[in-house]
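Chains A and B, in that order, give the protein sequences.
Numbering follows this note's numbering, with no gaps: position 363 of the first sequence is 363.
Numbering follows this note's numbering, with no gaps: position 306 of the second sequence is 306.
In short, the hints are calculated from the structure, not lab data.
What you are looking at is a predicted structure, and each value in this text was computed from that prediction instead of being measured.
Treat the hints with caution; some may be incorrect.
A pair counts as met if it fits within one copy or between any two copies, since identical chains are not told apart.
Straight-line Cα separation of at most 30 Å, DSS-like style, residue types lysine-lysine; simulated pairs [to be verified]:
hint, residue 1, residue 2
1, 57, 328
2, 117, 137
3, 440, 135
4, 73, 169
5, 81, 176
6, 237, 137
7, 137, 440
8, 440, 354
9, 135, 117
10, 237, 117
11, 486, 104
12, 328, 437
13, 81, 137
14, 288, 104
15, 73, 52
16, 354, 169
17, 137, 94
18, 328, 288
19, 104, 135
20, 52, 288
21, 390, 361
22, 135, 94
23, 81, 68
Number of protein chains: 2
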Amino acid sequence: MHGSMFLRFVFIISAMVLQIASSNVIVEKIEEKVENECNLSEDLINEIRGYKNVVLKITDHILNGKFKGEVHKSLQTFTDKFGSRMAGSDSLEKSIDYMEALLKNEGLENVHTEEAKVPHWIRGFEAASLVLPRKAKIEILGLGTSVGTPRGGIIGEVVAVRTFDELRKLPDSEVKGKIVVFAPTWQGYGATASYRGSGATEASKKGAIAALIRSATPFSIGSPHTGSQTYAQGVRKIPAACITVEDAEMILRMYNEGETVQIRLEMDDYNLEPVTSRNTVSELQGTKSPNKSVVILSGHLDSWDVGVGAMDDGGGAFISWKAVKFLKEMGLRPKRTIRSVLWTGEEYGYYGAKEYQRTHKENEAEEFNFFIESDTGTFDPVGLDFTGNKEAECIFREVLNLMAPLNATQFETPADGGPDISVWLNRGFPGASLLNKNDKYFWFHHTEGDRMLVEDPDSLDRCVALFASTAYIIADLSVDIPKEIKN
Amino acid sequence: MHGSMFLRFVFIISAMVLQIASSNVIVEKIEEKVENECNLSEDLINEIRGYKNVVLKITDHILNGKFKGEVHKSLQTFTDKFGSRMAGSDSLEKSIDYMEALLKNEGLENVHTEEAKVPHWIRGFEAASLVLPRKAKIEILGLGTSVGTPRGGIIGEVVAVRTFDELRKLPDSEVKGKIVVFAPTWQGYGATASYRGSGATEASKKGAIAALIRSATPFSIGSPHTGSQTYAQGVRKIPAACITVEDAEMILRMYNEGETVQIRLEMDDYNLEPVTSRNTVSELQGTKSPNKSVVILSGHLDSWDVGVGAMDDGGGAFISWKAVKFLKEMGLRPKRTIRSVLWTGEEYGYYGAKEYQRTHKENEAEEFNFFIESDTGTFDPVGLDFTGNKEAECIFREVLNLMAPLNATQFETPADGGPDISVWLNRGFPGASLLNKNDKYFWFHHTEGDRMLVEDPDSLDRCVALFASTAYIIADLSVDIPKEIKN
Numbered sequence: 001m002h003g004s005m006f007l008r009f010v011f012i013i014s015a016m017v018l019q020i021a022s023s024n025v026i027v028e029k030i031e032e033k034v035e036n037e038c039n040l041s042e043d044l045i046n047e048i049r050g051y052k053n054v055v056l057k058i059t060d061h062i063l064n065g066k067f068k069g070e071v072h073k074s075l076q077t078f079t080d081k082f083g084s085r086m087a088g089s090d091s092l093e094k095s096i097d098y099m100e101a102l103l104k105n106e107g108l109e110n111v112h113t114e115e116a117k118v119p120h121w122i123r124g125f126e127a128a129s130l131v132l133p134r135k136a137k138i139e140i141l142g143l144g145t146s147v148g149t150p151r152g153g154i155i156g157e158v159v160a161v162r163t164f165d166e167l168r169k170l171p172d173s174e175v176k177g178k179i180v181v182f183a184p185t186w187q188g189y190g191a192t193a194s195y196r197g198s199g200a201t202e203a204s205k206k207g208a209i210a211a212l213i214r215s216a217t218p219f220s221i222g223s224p225h226t227g228s229q230t231y232a233q234g235v236r237k238i239p240a241a242c243i244t245v246e247d248a249e250m251i252l253r254m255y256n257e258g259e260t261v262q263i264r265l266e267m268d269d270y271n272l273e274p275v276t277s278r279n280t281v282s283e284l285q286g287t288k289s290p291n292k293s294v295v296i297l298s299g300h301l302d303s304w305d306v307g308v309g310a311m312d313d314g315g316g317a318f319i320s321w322k323a324v325k326f327l328k329e330m331g332l333r334p335k336r337t338i339r340s341v342l343w344t345g346e347e348y349g350y351y352g353a354k355e356y357q358r359t360h361k362e363n364e365a366e367e368f369n370f371f372i373e374s375d376t377g378t379f380d381p382v383g384l385d386f387t388g389n390k391e392a393e394c395i396f397r398e399v400l401n402l403m404a405p406l407n408a409t410q411f412e413t414p415a416d417g418g419p420d421i422s423v424w425l426n427r428g429f430p431g432a433s434l435l436n437k438n439d440k441y442f443w444f445h446h447t448e449g450d451r452m453l454v455e456d457p458d459s460l461d462r463c464v465a466l467f468a469s470t471a472y473i474i475a476d477l478s479v480d481i482p483k484e485i486k487n
Numbered sequence: 001m002h003g004s005m006f007l008r009f010v011f012i013i014s015a016m017v018l019q020i021a022s023s024n025v026i027v028e029k030i031e032e033k034v035e036n037e038c039n040l041s042e043d044l045i046n047e048i049r050g051y052k053n054v055v056l057k058i059t060d061h062i063l064n065g066k067f068k069g070e071v072h073k074s075l076q077t078f079t080d081k082f083g084s085r086m087a088g089s090d091s092l093e094k095s096i097d098y099m100e101a102l103l104k105n106e107g108l109e110n111v112h113t114e115e116a117k118v119p120h121w122i123r124g125f126e127a128a129s130l131v132l133p134r135k136a137k138i139e140i141l142g143l144g145t146s147v148g149t150p151r152g153g154i155i156g157e158v159v160a161v162r163t164f165d166e167l168r169k170l171p172d173s174e175v176k177g178k179i180v181v182f183a184p185t186w187q188g189y190g191a192t193a194s195y196r197g198s199g200a201t202e203a204s205k206k207g208a209i210a211a212l213i214r215s216a217t218p219f220s221i222g223s224p225h226t227g228s229q230t231y232a233q234g235v236r237k238i239p240a241a242c243i244t245v246e247d248a249e250m251i252l253r254m255y256n257e258g259e260t261v262q263i264r265l266e267m268d269d270y271n272l273e274p275v276t277s278r279n280t281v282s283e284l285q286g287t288k289s290p291n292k293s294v295v296i297l298s299g300h301l302d303s304w305d306v307g308v309g310a311m312d313d314g315g316g317a318f319i320s321w322k323a324v325k326f327l328k329e330m331g332l333r334p335k336r337t338i339r340s341v342l343w344t345g346e347e348y349g350y351y352g353a354k355e356y357q358r359t360h361k362e363n364e365a366e367e368f369n370f371f372i373e374s375d376t377g378t379f380d381p382v383g384l385d386f387t388g389n390k391e392a393e394c395i396f397r398e399v400l401n402l403m404a405p406l407n408a409t410q411f412e413t414p415a416d417g418g419p420d421i422s423v424w425l426n427r428g429f430p431g432a433s434l435l436n437k438n439d440k441y442f443w444f445h446h447t448e449g450d451r452m453l454v455e456d457p458d459s460l461d462r463c464v465a466l467f468a469s470t471a472y473i474i475a476d477l478s479v480d481i482p483k484e485i486k487n
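Chain A with its partners taken away, still in its complex shape (with noise of 0.2 Å):
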């Protein structure tokens, strides 16, 4: 044997055995720990187990067969249509008549509507320019139920901070009058945009004319961010509106740094009395009781009127009622009916899924199995995070270890990716929503980039065969998922 060659042997059988070794780890690592916590039925593990060949049909089918690239089709030939779909719209009511059709056409069950009543917030022109120390265009886009300043426009003295806290520090006598600018630090989604929901209220509290606010995202091409906002009870509703990251660190710096700056702001925004929009619904009934230990799967419809909500949440309504039609035409029909409903107006808070909560809770203990939900991006699937008790988490992480196909077998909890649902989830039902690759989806969320080009053909594909695959399950098991339901 060659020196070289001896080596190249030595490294091949060395990576080998590495590799076999630390997949020994792995393996041990989750024998022991299901062992430790849970207590299923060496039945109920068998026959969940059992549909591992129904997983792999339905991956196939998606992945490789007649579907294959029909979501990222569908809904693009929708988003073109329609473009943005905002709460109060023609273009949504619209939009919902054309799914509503185009469920029918593709053959769902039990097709229809159930109204819900949804906010109504008109953006008119808007327009904001630095005026001291020096001019410049600043970008904004009004936040959803901001009111809009006088006619004309106000232009006010800007006070800038990081933190809720800085404001409130401060003198009202500092406050009062002015244009307050925040610029905190992006921590995170949630903590970034409780900057946007209160802003307004906390600078009003203070006496300020106006509130901008850095846009809740981590990267930014000079891109401003929409989203919703509410008054606390009480206060003087004062125009709030987003502002680029850029601007926001620039503003907190020429303030810190002693100038005067000074903001002309113009808002025509306006509400109007809310109107009445509609939850899209379908099914794939199942063969033991239609309308009972229902699966929900979900997305929403709505979006904001900047981008076309290809992403938010375009992708996630429709790997939901596409799970639905695939499973149909493969002949996959469960015992449990599977039904997609395409939420209305979440963007503004969830007012479709809690008209559906408030209209299906008198037997909504009996009604509803498990909730679905896909509103964090369609991008690569790898896994779902879950919300219910122990015995519930048992069975699902049975479940999703059949997802091994689909490199998705990856489990959080609680789940933490699906507002519409928390409606339920909150009060003790199981449910789940998709873990994908989303990591730039804040980049795009409530922006015009929210198009097509985010989306990804192969990824739906994925994201579509896992919600067929675990909704299909859980819909065809021995058993339901245990719940403990607090009101």
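Assemble the complex: chain A is given as a structure, and chain B must be docked to it using the hints.
Relative to the frame of chain A, chain B by itself:
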């Protein structure tokens, strides 16, 4: 020896052997190459290698001493103060006044400005929207030198193509009176930006009334990118603007689906007579003959009117003059003069550099030794690209090898990132431009996102250390860098 220990041992040994083997191969390759190509005298090689400690000193001072962070801080103060600096604007001229005073104040020598005429184009109100097949806002940025639309705007049916070739193949009757949308696939900046440069001309030749062109970027968050364009002589001047990647793709899709696509376009843009601007010059004068064999360090001070030109090319301009300042403060005065030139009017086509070339033409062979430029971002530096003859290259490679303490020894040829100095490099002068980790450069290029957030203080420090070290050595060597001037 335990089994797993033996395997670990085998693995470690194999890895070590592989590493040693591969590094030997690299060393052999480098030595072979240098031997094959270069015939520098041993004295010159030793002389160049003798600057090793100077590089260490410069690098240590800038990265760890009192200059640390100064470039970023100073650039931030500058961009906050002036914002964008478009040729023809008051802002540019005021920023040049400021720079002239600042350079004097910072102790640079022979500080002065030299006049150059630059275009004067005005961006007025700009707006576009999709009219058919549905209503939607279209984000646009008019292109520098574009004419406007008639007051009140125009509405035109759309012809959408991917390539010039597709457009040329269409009968004139299908293009006449329409708006051409170009949606070229991203194939690098040069290829894609050629649509920006000539889109209006090619569309006009076919009788179009306006041209809308995909922004020259591989990545977008709904962000339009501006830039320059040129009308070929004799064609009717029609309005030209960039649209986002997202809209270009969507409009092309709609058009290819057979939809009637209509766009409303309003651009109150217009051209005025050229105005006088200035290149800003400062020096560290050489100990021998101050106006002979000068080494130029340069970047451009003008920018587009969106963003603040922090990246394009504030960073490049600031590392150029700060390198000169730092060398002086460190007491490192070379034999030849190092001259920083902050070009004006680069964005419309090197107006400042071309005028400087003309006015210095008479003695240029004697006056100029080597040209350095930074105009492709000041992210982390990795080396310098180079243009020059074989002997010049051999000297330059030896110099570049000394930049190992900065991890910036990467060599490429010809120089590709020096638009202003191409005025000389294309004519046989030797020169180099900054290579840096600028894979996201075109994401921000000519957009509202060209802001201070793109610039990193440590990266700027490393860039300026590289510029200072390289310029110092080349200005101090016993020999000039060979040139072969063509006229």
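Verification of the supplied hints:
1. 57 - 328: Within one copy, since 13 Å is at most 30 Å while 73 Å is not.
2. 117 - 137: Between copies only: 27 Å across, 37 Å inside.
3. 440 - 135: between (33 Å within a copy, 28 Å between copies)
4. 73 - 169: For residue 73 and residue 169, the Cα distance is within 30 Å only across copies (29 Å; inside one copy 53 Å).
5. 81 - 176: So residue 81 and residue 176 pass the 30 Å test across copies only (27 Å; inside, 46 Å).
6. 237 - 137: Classified as both; 25 Å inside a copy, 28 Å across copies.
7. 137 - 440: Both, since 27 Å and 24 Å are each at most 30 Å.
8. 440 - 354: For residue 440 and residue 354, only the intra-copy Cα distance (29 Å) is at most 30 Å; the inter-copy one is 42 Å.
9. 135 - 117: between (43 Å within a copy, 25 Å between copies)
10. 237 - 117: Within one copy only: 22 Å inside, 52 Å across.
11. 486 - 104: Neither, since 36 Å and 74 Å both go past 30 Å.
12. 328 - 437: Within. Shortest intra-copy distance 28 Å satisfies the 30 Å Cα cut-off; inter-copy 50 Å does not.
13. 81 - 137: between (32 Å within a copy, 14 Å between copies)
14. 288 - 104: Close inside one copy (22 Å), not across copies (87 Å); limit 30 Å.
15. 73 - 52: Classified as within: same-chain Cα gap 29 Å, cross-chain 60 Å, threshold 30 Å.
16. 354 - 169: neither (37 Å within a copy, 56 Å between copies)
17. 137 - 94: Classified as between; 19 Å across copies, 35 Å inside a copy.
18. 328 - 288: within (16 Å within a copy, 87 Å between copies)
19. 104 - 135: between (55 Å within a copy, 27 Å between copies)
20. 52 - 288: Only inside one copy: residue 52 and residue 288 sit 22 Å apart there, 82 Å across copies, limit 30 Å.
21. 390 - 361: Result: close within a single copy only, 25 Å intra versus 83 Å inter.
22. 135 - 94: Close across copies (14 Å), not inside one copy (42 Å); limit 30 Å.
23. 81 - 68: For residue 81 and residue 68, only the intra-copy Cα distance (22 Å) is at most 30 Å; the inter-copy one is 54 Å.
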